[in-house]
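Okay, here's what each chain looks like letter by letter:
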Amino acid sequence: MRFFILNFKFLLAWVFFVTALEVLADEPNEVSFSLDVRPILSNYCVHCHGPDEEHRKADLQLHTQDGLLSGDIASRIVVPGKPEESLLFQRITTHDKDELMPPPESKKEMSQEEIALIKRWISQGAKWEDHWAFVTPKTPQLPEVRRSDWPKNSIDIFTLAKMEQQGLEPSREADRRTLIRRVCFDLTGLPPSPREVERFVNDSEPNAYEKLIDSLLASERYGERMTLAWMDAARYGDSSVFHDDGVRFMWPWRDWTIKSYNDNKRFDKFTIEQLAGDQIENASIEQKVASGFNRNHGTTDEGGAIDEEYRVEYNVDRVKTTSNVWLGLTMECAQCHDHKYDPISQKEYYQFYAYFNKNSDKGMQTRNGNSAPLIKVPNMMQSKELQNLRNNVKRLKLEKSKKQPSLKEMDEWIADNRASELPEPPELGGWYFLGSFTAKDSNEAFKKDYGPEKVVDLDKEYAGKKWESRKYEDGKVHTIELPEKSASYFYRTLNSPSNQKVNASFGSDDAIKVFLNNKQSLANNVSRAPAADQEKGVLNLVKGENHLLIKIINNGGQGGFYFKLGGSSLPELVINNLRQDILKADHVTKLQEYYKKSVWPLGKELDAKIKVAEKSAGDFDKSIVSVMTMGDLAKPRKTYVLNRGHYASPNKDEEIFPNVPAALPGLPKEAPKKRLSLAKWIMDDDHPLTSRVTVNRYWANLFGSGLVSTVADFGTRGALPSHPRLLDYLSRDFADSGWNVKRILKQILMSATYRQTSASKLDKIEKDPENIYLSRAPRFRLQGEFIRDNALSVSGILNNKLGGPSVKPYQPPRIWNEVALNGGLFYKRDEGQKLYRRSMYTYWKRSAPMPSMVAFDAPTREKCVIQRPRTNTPMQALVTMNDVQFVEAARVFAQRILNQGGEDFDSQIDYAFLLATSRPADDLRKRTFRNLYDSQLKEFRGDKKRAEDLLKFGEVKRDMSVDLAKHAAWTTVASAILNLDEVLTKE
Amino acid sequence: MIPLLNSDHLLDRRKFLNIGARGMGALGLASLTQPEMLNAASRGSLTETHFKPKAKRVIYLFFSGGPSHIDMYDYKPAMKKIHGIELPDSIRNGQRITGMTSGQKSFPCVAPMFEFKQHGQSGGYYSEILPNIASIADEMTLIRSVNTEAINHDPAITYINTGTQQLGHPSMGAWLNYGLGSPSDNLPGYIVMISKGRGGSQALYSRLWGSGFLPSKHQGVKFRSSGEPVLYLNNPPGINRDSRRAILDSINTINLDKFKQTQDSEIQTRIAQYEMAFRMQASVPDLTDLKSEPDHVFDLYGKESKTPGKFAYNCVLARRMLESGVPFVQLFHRGWDQHGNCPRDIRRQCEDVDQPVAALVRDLKQRGMLDDTIVICGGEFGRTIYSQGKLTKDNHGRDHHGRCFTMWMAGGGIRKGHVHGETDDFSYNIVRDPVHINDLNATVLQCLGIDHERFTYRYQGLDQRLTGVQGANVVNQILA
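Residue numbers (the numbering used here), protein chains in the order written: chain A, 318 to 1304; chain B, 50 to 529.
Wrong hints could be hidden among the right ones.
Beta-carbon label-pair distances, calculated as ranges [what the hints assert, rightly or not]:
#1 B:Glu135 with A:Ser423: 28 to 38 Å
#2 B:Asp443 with A:Pro888: 55 to 65 Å
#3 A:Glu761 with B:Ser184: 49 to 59 Å
#4 B:Arg145 with A:Glu761: 43 to 53 Å
#5 B:Asp443 with A:Asn841: 53 to 63 Å
#6 A:Lys1078 with B:Arg290: 37 to 47 Å
#7 A:Ser423 with B:Arg145: 34 to 44 Å
#8 A:Glu522 with B:Pro232: 56 to 66 Å
Below are the EDC-like pairs computed for lysine to aspartate or glutamate, each with C-alpha atoms no more than 20 Å apart in a straight line [unchecked claim]:
#9 A:Lys424 with B:Glu502
#10 A:Lys1283 with B:Asp291
#11 B:Lys414 with B:Asp187
#12 A:Lys1255 with B:Asp298
#13 A:Lys1063 with A:Glu527
A partial selection of chain B residues facing chain A, derived with a Cβ cut-off under 10 Å [said to hold, decoys possible]:
#14 Gly148
#15 Tyr174
#16 Gly389
For the record, the hints were derived by calculation from the structure and aren't laboratory data.
All C-beta atoms, glycine included, are put in the ideal place defined by N, C-alpha and C.
With the hints as constraints, model all of the structure from the sequences given.
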């Protein structure tokens, strides 16, 4: 036994030794600079002897071939074949503390294994290699494998070769029930229905599995699943992040993304539109919408914020996101200084930044909606509806144009008005002003008579105030400085040749009263600015002198009034025509025109209809959502290096123009200096990074971790690929096949590697605990959205609506207002079907995101996240056990089991497990849940109230025909099932 | 020490291998659910601290909005002379100010409209509106030279809580939870509570207690003043503790069976986490039930200490949490943004906090816990010496000021009765011993036994630290 253990340890040690040395090397014994040595130099040396010019020590560049290998013999850092003569080796092995590298105060220490690797590399000739990820991938030759019966496609030959090197055997293929559930979650984020499971299990055709994959790739759910991952990378949210974190509308961008995945849009086109859709010639609405990718970042509305600081911040975010997502580069590290590890200088950073720095959006944006540049995005239904509404306006206008008033009615109107509009105009006296009288408030000023309201006496003093003569022209709005909370009087005489009624119109700031011959004839206690014709009235004039008194109450600010006699009913021109002694033809024509335009009852009726129709078209147009897009300034802004990355410290000595880092392939010579060129450069078929980074991200989605485990860092400090040749094979295939996303996914899913079982034996796990060599399928918890969607799907209440605005399902109280600005913002939960939409549509407020999802590692999406961490916490257990969303799902699930699962417990539990795990329950499960069911049934039979309480939790009304206690007992079982590891996990 | 990449995973695997060597198959369910066997929540990434820690707990009293250091602590008699004069250009020195006052034509200086006295052996000034805090002057180090580059709320509050204005980084509590773990097997290791002030308040963000790029289990767990004390803690209506136990037993049985089939160690962790959730369902209500606290405790913390949701109440709760083994508790008190009506409103804000804060320090001391608990008290920045808006006989406002402000610390490893740093007569610029907010954080880590430069997490190619990439210094002068 002892002997065995020793041997076992030796074996383990051997495995790790080999692993460290030749993760990637073609020849096990040959040390590769790119794969073995550079990572060590990056970790320990390059920080001070690398690309960062400003902080470089001893003028030494260990990240370049020249720096390492050239120079005269005496100062040569590396002497090929002779470690002892190489300064590098001397300095990392010396016992002199002053000489030792890395210096002890750096708190970094090289391991003996690492020193040994460097020594061997020098001994073997110190061959230089460029950083692996910066070299364009070539389709590799398939490696030799011993076991030829296992591989199903090329992928398997690469993985098998690695397994064989490691002494690992591939695992058997997973059974069909496991496989269909796995592939359904991977392609749609939802579990298969029992019918789909049975169909697949019983399909004896050789291409049964391929048919399954094809049907899932064709499902609309596929686009949703792919988009959900993309939403993390694109830092999608429904709120603006900074300060107030107010509402914004970017969901049409999400709809675009779903549709693009479903249409299998080529990834190069997808990318070009997401990064620069606005710059494509004759860009469609959709292409502009796509460019919203780089408007998803946080924006501020904080009162004290400095516009330029945030405008810079947005571009910094765009550089980070774009470089992380497509290039796997941490370009953000070079904002303040040259990159410490990767060949990206600060100047190159700002060259990349310059592509975005021309965008026209401002630093200060809004807390309420979208900020320019933006575009209206009517959907099909809306376009149709808007067209209908506009047509309605047109139709009504046409209808009106076809109608005419009759000659008879026009003649009658002219005759009537000639009679009534021929009064003898009264003679108007000059104005007198009295005031102002201040009061404790404007109501008092309005009510109180300060003296003249009963009778005007121009010689009398009122509380020390006298009448003053004033000049005010009639028919004009007069703004007058009046004290706050005061009353003022305006008086004049009207000398009428006869008893007659005349029209008068008034305006006031603010309240008004009018007295004629000491009697109040009009009063309105309002608060307003003065304008013409705010009040209209008829003055009953007596023959001789009449007394007109206007009282104006000013609440605050300036005061004012307006007066015009005969002002309201007809315009001057019409009256002039009416007053002609003899009506000539052109007088009649003008009067008829006026009648048609302003008097004609049918015309007015139609005008009202037109107005209503125009308003509803306008309102509908306003209700159509807009999306923020990218859009350059007409006159481009200049870019400079910002010293230390600070917005207020541009180095104006040198203007910076858009360009790409020199360590990567260059742009075509004729490429215009705009984002579109950048996007096309990123999507060049031979770009060394884009295809690798992208297929690696897909791989990570399916396998839980990437072939390069640092999915967003392919730089010199990133992890090395576990299967470099497989990565190159896949990336070459992806680019060469026209960036066909469904094709590359299908290839991976069809592989034997993917189809393996995830169940394993202990010894295999001990040999490869991280499953780097892929000799079994991964087994990991579903992401939060899938866990919720699964519960809704299994219970049958999932609302499968595709796309549209975000929704607000159940959320505990006070999550928003507890943190909101001034505590004023409350989450208003949606009703009905919106509670059961897929989780990707849950309204995402980034300062206080849905806690049930955050518990399951959903990022806040304030920043781009390429891969979520995956934790296992008590908070997660509390969510799935107690959140109303899950409890309600459990009781509806229970109802479904009772109604559709057959008559006896055994068939019911089989049905439940079929829904939740795609397989019937085994004996242990039957026994265990029978016990739970029996014990709970007894409880609920004894306490009806408890059963009722449980079954009332959530909005869905329960089916009253189901036995209460049974329903409650089954709910506990259903809830337990939804909490099983095998339900929460993709196996 | 080389930081562990993705240490969660490694730890779990290592744990698994240990168990594996002893033969997992023989291990029964009972031992799986024993916390000492598999307490996934309790271990940190630092297998041992870098130095011998002086403190093992932190209580962080965060006053959100930018408390006026001038009206509370950083007083000097010379301020009376400058009252009403224009802020000299030689003091402002071209420094940027916020968009809220940058358009102001006049910047009249305002001396605090409160009486100040010197307290304690250090002779630091304390405002009359902080009589109780003044009375614990000899317990604390008052740092008058804290500074930040940020001048607006969102960037400033993010900066001080996460070490950077950039979003996406873990909060201090999350860092500590990641590094040190938690000794409590039935309570979260990082708890946050929020209370309102008397007026309007600036927004808070979950990122302030978030885990950033660290695994989400390190984020602060918010305790709430009404309804469920912890989100989703309560069983649904109709499910009592016995039912819950029965449901859990059935889940455990099946999960254990699954573990036997797959050998996936995550299942063991899941079983342990469900058991921890079950324990929390009992321990959290016990913790938040203040009935067992004697009257003299409420007398000490003041009249609001019996009202859930109040800052004083949260202080009592915080002390109970610290006693129960929670290593990091952070209380946010809102409403410290006195752009206008500063004299009236800051007095009211201080009424909320003065007595309970002093009570908390005394209470910890009485229980012998102050020696190994760090108390931190302050906000995201200070306020300007000049008036925002009109200065009248008895009223004025103050704008944000990040170039200097005052915070204090007391307890484990912190020097007692000390004043550190000095500002000019306008309390505008630091003239001696500046303490950047990252220096402050580095010092807190030091007291907890952590070398902030060696406490790193590899993310996006960089060895990320709480104290940022620019470098920070431990403030040795304020250490005991």
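Right, here's what the structure says about each hint:
no.	hint	verdict
1	B:Glu135 with A:Ser423: 28 to 38 Å	violated, 50 Å
2	B:Asp443 with A:Pro888: 55 to 65 Å	holds, 58 Å
3	A:Glu761 with B:Ser184: 49 to 59 Å	holds, 53 Å
4	B:Arg145 with A:Glu761: 43 to 53 Å	holds, 50 Å
5	B:Asp443 with A:Asn841: 53 to 63 Å	violated, 41 Å
6	A:Lys1078 with B:Arg290: 37 to 47 Å	holds, 39 Å
7	A:Ser423 with B:Arg145: 34 to 44 Å	holds, 35 Å
8	A:Glu522 with B:Pro232: 56 to 66 Å	holds, 59 Å
9	A:Lys424 with B:Glu502	holds, 8 Å
10	A:Lys1283 with B:Asp291	holds, 18 Å
11	B:Lys414 with B:Asp187	holds, 12 Å
12	A:Lys1255 with B:Asp298	holds, 17 Å
13	A:Lys1063 with A:Glu527	holds, 9 Å
14	Gly148	holds, 5 Å
15	Tyr174	violated, 28 Å
16	Gly389	violated, 13 Å
Violated hints, in rising order: 1, 5, 15, 16; the structure is consistent with all others.
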